[in-house]
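Peer 1: This is what each chain is made of:
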Amino acid sequence: AQRVTQPEKLLSVFKGAPVELKCNYSYSGSPELFWYVQYSRQRLQLLLRHISRESIKGFTADLNKGETSFHLKKPFAQEEDSAMYYCALMSNTGKLIFGQGTTLQVKP
Amino acid sequence: DTEVTQTPKHLVMGMTNKKSLKCEQHMGHRAMYWYKQKAKKPPELMFVYSYEKLSINESVPSRFSPECPNSSLLNLHLHALQPEDSALYLCASSQVTGTTYEQYFGPGTRLTVT
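Chain order of the listed sequences is A and B.
For the first sequence, the positions run 1 to 108 when the numbering used here is used.
For the second sequence, the positions run 1001 to 1114 when the numbering used here is used.
What the hints contain is simulated information worked out from the structure, not anything from laboratory work.
A portion of the hints provided could be inaccurate.
Claimed, not checked - When the alpha-carbon atoms are kept at most 30 Å apart in a straight line, the in silico BS3-like pairs for lysine-lysine are as follows: (1) B/Lys-1038 x A/Lys-9; (2) A/Lys-15 x B/Lys-1041; (3) A/Lys-57 x B/Lys-1036; (4) B/Lys-1019 x A/Lys-22.
To be verified - If you anchor each label on the Cβ, the simulated ranges turn out as follows: (5) B/Thr-1100 x A/Thr-60: 33 to 43 Å; (6) B/Thr-1112 x A/Lys-9: 37 to 47 Å; (7) B/Thr-1005 x A/Lys-57: 40 to 50 Å; (8) B/Leu-1073 x A/Glu-80: 10 to 20 Å; (9) A/Ile-56 x B/Gly-1028: 39 to 49 Å; (10) A/Asn-64 x B/Leu-1073: 38 to 48 Å; (11) A/Asn-64 x B/Thr-1114: 44 to 54 Å; (12) A/Tyr-39 x B/Glu-1058: 25 to 35 Å; (13) B/Ala-1080 x A/Asp-62: 13 to 23 Å; (14) B/Gln-1082 x A/Ile-51: 22 to 32 Å; (15) A/Ile-51 x B/Asn-1057: 42 to 52 Å; (16) B/Arg-1063 x A/Lys-73: 21 to 31 Å; (17) A/Thr-60 x B/Arg-1030: 27 to 37 Å.
Virtual Cβ for every residue (Gly too), placed ideally from N, Cα, C.
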């Protein structure tokens, strides 16, 4: 079965603290994984995808096939990072499968 | 133009009404999608159009009827909806369907069924 699991519904950190949003997946084959972000009252937008291996807004994510994980990390959280974050897997039929999402709350 | 636009922003309809949601993109994308999103939940795929043909229907009730009149436009026709159909309806597009293509999302239409 193709599935994405985000174990934390809510992650609350203080400004300047490191952040790690967890994502585990279930997929047979080479997965295509994405992180999408939804800021309050804004559209869902792509933050990262694993094939590009770039850092956006200070966030990085590394695919670990052994642990079937694609955790999102940022060394120093900012208040403007507060948002809903979705990890997503592209299925072999072209369907984007989302995890349940993690709300990141960065406190001042 | 690198945006997906959706109209209307908000829609309130009764259970006997017929209404339509509209989505437009001018990025030359040949794949378009409809998703339904409930509050604090991830988007759920409803339909996928590839080169103006319906390629995926995720067992959506027939009271939702998609239409792709051309490569830039996607409509969702609504008829005899139920209160539980109240949600944010998102449209997305990508170059083509496939594993490496980013999906660009519209801002959504917030639908309330009374």
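Peer 1: Of the hints given before, which are not true for this structure?
Peer 2: Violated hints (numbers, rising): 4, 5, 6, 7, 8, 9, 13, 14, 15, 16; every other hint is consistent with the structure.
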